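Enquirer: Let the sequences and hints guide you as you build the complete structure.
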Amino acid sequence: MLRCVDRVPAKDGSPHTCRVDLPRDDVVLGWAGAYPDFIKAVIDVDSHHYNIFDLARVKQVTAQINDALGILETMKPSLV
Numbered sequence: 000m001l002r003c004v005d006r007v008p009a010k011d012g013s014p015h016t017c018r019v020d021l022p023r024d025d026v027v028l029g030w031a032g033a034y035p036d037f038i039k040a041v042i043d044v045d046s047h048h049y050n051i052f053d054l055a056r057v058k059q060v061t062a063q064i065n066d067a068l069g070i071l072e073t074m075k076p077s078l079v
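Numbering that gives the first Met the number 0 numbers the first residue of the sequence shown as 0 and each following residue consecutively.
Do not rely on the hints blindly, as some may be mistaken.
Claimed, not checked - Distance condition first, Cα-Cα at most 27 Å in a straight line; then the derived DSS-like pairs of lysine-lysine: (1) Lys-58 to Lys-75; (2) Lys-39 to Lys-58; (3) Lys-75 to Lys-39.
If you are wondering where the hints come from, they were derived from the structure by calculation, not from laboratory data. Remember, predicted model here, so these are calculated numbers, not experimental data.
Expert: Rendered as structure tokens:
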């Protein structure tokens, strides 16, 4: 899982936390309760939920996606 570590900026100075940030302090963002075996690894990304794919971040995020795919590849059962 790619986990954004930044919080979404509040709109118009609102004191309310954006809904996607409510579980932000949980490493697996709340997924462990319903799907305990679903998350295989967590890779932190320096962005928030809505700017992860901004052009300025594409190169870094692509590298992190490739890292995540490498982790999954090592977990794939042998086909032999």
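Enquirer: For every hint, state whether the structure bears it out.
Expert: Outcome of the hint check:
1. Lys-58 to Lys-75: At roughly 26 Å apart (the allowed maximum being 27 Å), Lys-75 and Lys-58 satisfy the hint.
2. Lys-39 to Lys-58: At roughly 23 Å apart (the allowed maximum being 27 Å), Lys-58 and Lys-39 satisfy the hint.
3. Lys-75 to Lys-39: holds, 12 Å
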